[in-house]
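A.B. asks: Spelled out, the chains give:
There are 2 protein chains.
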Amino acid sequence: MRAIVYTGSGGAEVLALAERPDPVPGPGQIRVRVRAAGLNRADIPGMEYAGEVDATGPGASRWRTGDRVMGLAGGGAQAELLVVHQDTALPVPVGMSWTDAAAIPEAFLTAWDALTFRGRLQRGEAVLIHAVASGVGTAAVQLARTMGATVLGTSRTAAKLDPLRALGLDVGIDTSKGSFAEQVAVPVHVILDVLGGPAFQDNLAVLAPRGRLVMLGFLQGPAVPQANLGMILRKRLEIVGSVMRPRTDEERVELAAGFREQVLPLFETERRKDGRTESEGTDGPSVVPSFRPSVRPVLHAVFPFSDIAAAHAAMERNEGVGKIVLTW
Amino acid sequence: MRAIVYTGSGGAEVLALAERPDPVPGPGQIRVRVRAAGLNRADIPGMEYAGEVDATGPGASRWRTGDRVMGLAGGGAQAELLVVHQDTALPVPVGMSWTDAAAIPEAFLTAWDALTFRGRLQRGEAVLIHAVASGVGTAAVQLARTMGATVLGTSRTAAKLDPLRALGLDVGIDTSKGSFAEQVAVPVHVILDVLGGPAFQDNLAVLAPRGRLVMLGFLQGPAVPQANLGMILRKRLEIVGSVMRPRTDEERVELAAGFREQVLPLFETERRKDGRTESEGTDGPSVVPSFRPSVRPVLHAVFPFSDIAAAHAAMERNEGVGKIVLTW
Numbered sequence: 001m002r003a004i005v006y007t008g009s010g011g012a013e014v015l016a017l018a019e020r021p022d023p024v025p026g027p028g029q030i031r032v033r034v035r036a037a038g039l040n041r042a043d044i045p046g047m048e049y050a051g052e053v054d055a056t057g058p059g060a061s062r063w064r065t066g067d068r069v070m071g072l073a074g075g076g077a078q079a080e081l082l083v084v085h086q087d088t089a090l091p092v093p094v095g096m097s098w099t100d101a102a103a104i105p106e107a108f109l110t111a112w113d114a115l116t117f118r119g120r121l122q123r124g125e126a127v128l129i130h131a132v133a134s135g136v137g138t139a140a141v142q143l144a145r146t147m148g149a150t151v152l153g154t155s156r157t158a159a160k161l162d163p164l165r166a167l168g169l170d171v172g173i174d175t176s177k178g179s180f181a182e183q184v185a186v187p188v189h190v191i192l193d194v195l196g197g198p199a200f201q202d203n204l205a206v207l208a209p210r211g212r213l214v215m216l217g218f219l220q221g222p223a224v225p226q227a228n229l230g231m232i233l234r235k236r237l238e239i240v241g242s243v244m245r246p247r248t249d250e251e252r253v254e255l256a257a258g259f260r261e262q263v264l265p266l267f268e269t270e271r272r273k274d275g276r277t278e279s280e281g282t283d284g285p286s287v288v289p290s291f292r293p294s295v296r297p298v299l300h301a302v303f304p305f306s307d308i309a310a311a312h313a314a315m316e317r318n319e320g321v322g323k324i325v326l327t328w
Numbered sequence: 001m002r003a004i005v006y007t008g009s010g011g012a013e014v015l016a017l018a019e020r021p022d023p024v025p026g027p028g029q030i031r032v033r034v035r036a037a038g039l040n041r042a043d044i045p046g047m048e049y050a051g052e053v054d055a056t057g058p059g060a061s062r063w064r065t066g067d068r069v070m071g072l073a074g075g076g077a078q079a080e081l082l083v084v085h086q087d088t089a090l091p092v093p094v095g096m097s098w099t100d101a102a103a104i105p106e107a108f109l110t111a112w113d114a115l116t117f118r119g120r121l122q123r124g125e126a127v128l129i130h131a132v133a134s135g136v137g138t139a140a141v142q143l144a145r146t147m148g149a150t151v152l153g154t155s156r157t158a159a160k161l162d163p164l165r166a167l168g169l170d171v172g173i174d175t176s177k178g179s180f181a182e183q184v185a186v187p188v189h190v191i192l193d194v195l196g197g198p199a200f201q202d203n204l205a206v207l208a209p210r211g212r213l214v215m216l217g218f219l220q221g222p223a224v225p226q227a228n229l230g231m232i233l234r235k236r237l238e239i240v241g242s243v244m245r246p247r248t249d250e251e252r253v254e255l256a257a258g259f260r261e262q263v264l265p266l267f268e269t270e271r272r273k274d275g276r277t278e279s280e281g282t283d284g285p286s287v288v289p290s291f292r293p294s295v296r297p298v299l300h301a302v303f304p305f306s307d308i309a310a311a312h313a314a315m316e317r318n319e320g321v322g323k324i325v326l327t328w
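From first to last, the protein sequence lines stand for chains R and H.
Under the working numbering, the first sequence is numbered contiguously, ending at residue 328.
Under the working numbering, the second sequence is numbered contiguously, ending at residue 328.
Don't read these hints as lab results, they were simulated from the structure.
Cβ atoms here follow ideal geometry from the backbone N, Cα and C, with glycine treated the same way.
Don't take each hint at face value.
Claimed, not checked - Calculated cross-link-like contacts (lysine to any residue; reagent style SDA-like; alpha-carbon spacing at most 25 Å): (1) H/K235 x R/G74; (2) H/K235 x R/Q201; (3) R/K235 x H/Q226; (4) R/K235 x H/A166; (5) R/K235 x H/P21; (6) H/K235 x R/Q220; (7) H/K235 x R/V243; (8) H/K235 x R/G11; (9) R/K235 x R/F259; (10) R/K235 x H/G74; (11) H/K235 x R/F259; (12) R/K235 x H/R64; (13) H/K235 x R/A223; (14) R/K235 x H/G197; (15) H/K235 x R/G258; (16) H/K235 x R/V253; (17) H/K235 x R/E261; (18) R/K235 x H/D249; (19) H/K235 x R/I308.
As the list claims (entries may be wrong) - Facing chain R, from chain H, some residues (calculated, C-beta under 8 Å): (20) T150; (21) R165; (22) G168; (23) N228.
Only chain R is shown next, with the shape it has when bound in the complex (with noise of 0.2 Å):
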């Protein structure tokens, strides 16, 4: 099979297709034929794929060979076969493209168990989203608004935050005009931060009393040239990071449980509504019997296999709302 690879020690830059031998699935693993897999800036290329159930290990009965999946993987998905545990997988929503589908995963999965278990969101609270024009944002956008909650979120462009108010975004705000922190206005019960140490300080600030600051990632570095910790214990505050990659199979099979039950149903709804709201429909009563809001994956651009350097170069200028897909 091909497969995305480092060619030598260094970045992206080192990135390059060649052949590797076809992994064999193990006890309760199945082979994945990847037909698109979303770009992350983790150092392993592939956490996330879509594609076709192409081979089932012992013991293995949950999908049968065709049948269309998704999922996060540790590694190893920028290629043409992925082995996976079979529990680990999701089934890829009815109708759906492959490169929809695999920009669904680790944004999707990030944002809910960051918003649902590490962050303890609320219907009424207000979540505070940094970034909110990233794959994970945009997902965590959409999350936080069928939960019920205010979403506030951050971008250094903005032009960016516009196209995301449809999705659920209630108060935009542009960093490139100045700190955020004067720019929140209410007491907020959640962020979720992919900024890191520059902007701790300001996280603790807006914080309400017993607020939630869930760490997802360092874009600005880990430093904290001045820290003062005295509103995490005046404000009893909870800090938490959360990874996906370090997680053990175990906690992927977990997680991916909850998923299917809770978050799938909110993309089958976005199909029915065939990208109308409901009052909208004209195509006679609606299946769903009552208002449940609805999530979709939102895509910056998608890259064949081949151009893996243009598709880093993409995320790199940072210009898109959204996941950048690779498909062969």
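Assemble the complex: chain R is given as a structure, and chain H must be docked to it using the hints.
C.D. replies: Coordinates of chain H only, in the frame set by chain R:
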């Protein structure tokens, strides 16, 4: 009634006894004739008390006049009379002295809340307790032992560590000999920290993956000169600030209810044991069917309320193990 009050602006040096009007219990409240009160660094005189129910407000039927109670208060416990919500009060263990009882609430409720709800300490895990010779520290050591944890504790005074071994301290760390981080040889799952900023980076360093840092105070101040948050993300750590003072009556009631059921029986076990371990019992078969670890309040010193200045001076000297208690 007489009460400890601030006679001017400043710290403990302006505290003195003064006459104040007797407080009147409102709906659902009880008035307690305070017999003893624990001393704390908090700036409101009187966070905890032990005494007799003296009067009951409208609808307050939980206690009868003369019942022996103890508990946390939002302030005002360094007085002859104190009014509290009836459901925040706890029964004094049978046979326990007023001064022993007054040493329980703040130390044991804080330690239990921190270990159980904030730190989620599990059997077989390791917990590191800073300033382990303090009131909260001596309570936490004993409770952590009942939870089946390995207990590590720090002190700047080596001589304080020895008496704590009998309470359950497995590893005593003398911080006058150097950084605690260099002396911690096992991954730590939960830290109870009262030191604050200067210990922050070392706390992150000694935590195991998914470890929990519970911040209870800032004896060394809240500032961290050069914080690096990298480990929060990499090890998926949790940091949570926890203080008793700003809690609502609803939170105090819930905490007291759990404490009554889960922790108070451990003091009763101690009383039955009469200071001996069960295997040493000389008075026939134990009434306790199987071994159950017990806990007890640890008192450093008792002062009369009229010596409030001397009591605070003793707290500042920081020479003892356990609590300082005031009594009429």
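A.B. asks: Looking at the structure, which of the earlier hints fail to hold?
C.D. replies: 4, 5, 9, 12, 17, 19, 20, 21, 22
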